[in-house]
Amino acid sequence: MTTEIVYNFDLERAQILIDYQMGHLECNWLPVFKPLVRPHDETLELFTLDPHLLVTPDTFNNLTPKVLGHYNSFYGTNGLGGKSLDAFTNGSVSAMNLLLDDQVEHAGAFLTMQLERMKDSLVFPAVDELCLTDYTDALVACLSGDEMTTWNEVLAYNAGVWWFLGFVSNLDVKVKGRTLRQKIAKVVLDRAKKGTIYDF
1 MTTEIVYNFD LERAQILIDY QMGHLECNWL PVFKPLVRPH DETLELFTLD PHLLVTPDTF
61 NNLTPKVLGH YNSFYGTNGL GGKSLDAFTN GSVSAMNLLL DDQVEHAGAF LTMQLERMKD
121 SLVFPAVDEL CLTDYTDALV ACLSGDEMTT WNEVLAYNAG VWWFLGFVSN LDVKVKGRTL
181 RQKIAKVVLD RAKKGTIYDF
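FYI, in the working numbering the residues of the sequence shown are 1 to 200.
Some clues are possibly wrong.
[Claimed, not checked] Computed spacing ranges between beta-carbons, pair by pair:
{"hint": "1", "residue 1": "Thr-43", "residue 2": "Arg-117", "range": "36 to 44 angstroms"}
{"hint": "2", "residue 1": "Gly-69", "residue 2": "Glu-116", "range": "28 to 36 angstroms"}
{"hint": "3", "residue 1": "Lys-194", "residue 2": "Asp-50", "range": "33 to 41 angstroms"}
{"hint": "4", "residue 1": "Thr-179", "residue 2": "Leu-36", "range": "18 to 26 angstroms"}
{"hint": "5", "residue 1": "Leu-54", "residue 2": "Asp-120", "range": "36 to 44 angstroms"}
{"hint": "6", "residue 1": "Thr-112", "residue 2": "Asp-172", "range": "36 to 44 angstroms"}
{"hint": "7", "residue 1": "Met-148", "residue 2": "Ser-169", "range": "20 to 28 angstroms"}
{"hint": "8", "residue 1": "Lys-119", "residue 2": "Leu-68", "range": "32 to 40 angstroms"}
{"hint": "9", "residue 1": "Val-123", "residue 2": "Pro-39", "range": "13 to 21 angstroms"}
{"hint": "10", "residue 1": "Asp-199", "residue 2": "Asp-146", "range": "15 to 23 angstroms"}
Because the hints were derived from the structure by calculation, they are not lab data. Predicted, not measured: the structure shown is a model, and the values here were computed from it. Each residue gets a CB set at the ideal place from its N, CA and C atoms; glycine is no exception.
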C-alpha cells in the first residue's frame, strides 16, 4: 500500500470509531484525537533509541530515575485540559526513557518547546505518517473498550507517545526478531485495551 492509501485508511478507521462512540454522548472532545499527520522527514530524526534496552512496561514509563525529573518539571504546569496535557507528557516522557542516555537532556528541552506551543494552540501536534498506523491501532482499541472515563487520558497519552517517536531514527531496527516499534506498540496497545496509561 502507498503511504497515501494507508493514511486514508487509518483516518477512516479513526473517524468511524469516533462517530460511533460520539453518537450517544453529548460532549464533543473526541474529534480532537483524530490525528493531524505530517509527512516523514529524515532531517527530523533527532533522537536514537537504545537498542540494548529491553522494551517492557517497566522501561516504557515516566517514573524511572532517567526521566522522572523531566516529567516532574512538566506535570501540572500546563493548560489544555490539565489531565490531557499531563497524559500527553507522560507518553512523551515514557518514550524518552528509551533514548540513549546522552540524548535525554536534549529531548527534554525539545518537549518543553512543544508543550509551550500546545499551550498557545490548544491542539495536539501532528503525528509522523510512519507512526499513524500505530497511533490509530491504539485509538481504535481505546474507543472499542468500555472505560469511557479514561478515554481522554489514554488518547492523550497515545498522542504523546507516537508524536515523540516520530522524531526517532531507529524505530524500525530489529532487535531479537522484532522491531523496536513493534515492541513499543505492544505496550501502548495493551494499555489502550485496558483503558489505562499505567500497568499497576
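Evaluation of the provided hints:
1. Thr-43 <-> Arg-117: 36 to 44 angstroms: 19 angstroms, violated
2. Gly-69 <-> Glu-116: 28 to 36 angstroms: 18 angstroms, violated
3. Lys-194 <-> Asp-50: 33 to 41 angstroms: Because 26 angstroms falls outside the window, the suggested range is violated.
4. Thr-179 <-> Leu-36: 18 to 26 angstroms: 24 angstroms, holds
5. Leu-54 <-> Asp-120: 36 to 44 angstroms: 38 angstroms, holds
6. Thr-112 <-> Asp-172: 36 to 44 angstroms: Cβ of Thr-112 to Cβ of Asp-172: about 27 angstroms, so the range 36 to 44 angstroms is violated.
7. Met-148 <-> Ser-169: 20 to 28 angstroms: With a Cβ separation near 37 angstroms, Met-148 and Ser-169 fall outside 20 to 28 angstroms, so the hint is violated.
8. Lys-119 <-> Leu-68: 32 to 40 angstroms: 22 angstroms, violated
9. Val-123 <-> Pro-39: 13 to 21 angstroms: 18 angstroms, holds
10. Asp-199 <-> Asp-146: 15 to 23 angstroms: Distance hint for Asp-199, Asp-146 holds at roughly 19 angstroms.
In the structure shown, a violation is registered for the earlier hints numbered 1, 2, 3, 6, 7, 8, in ascending order.
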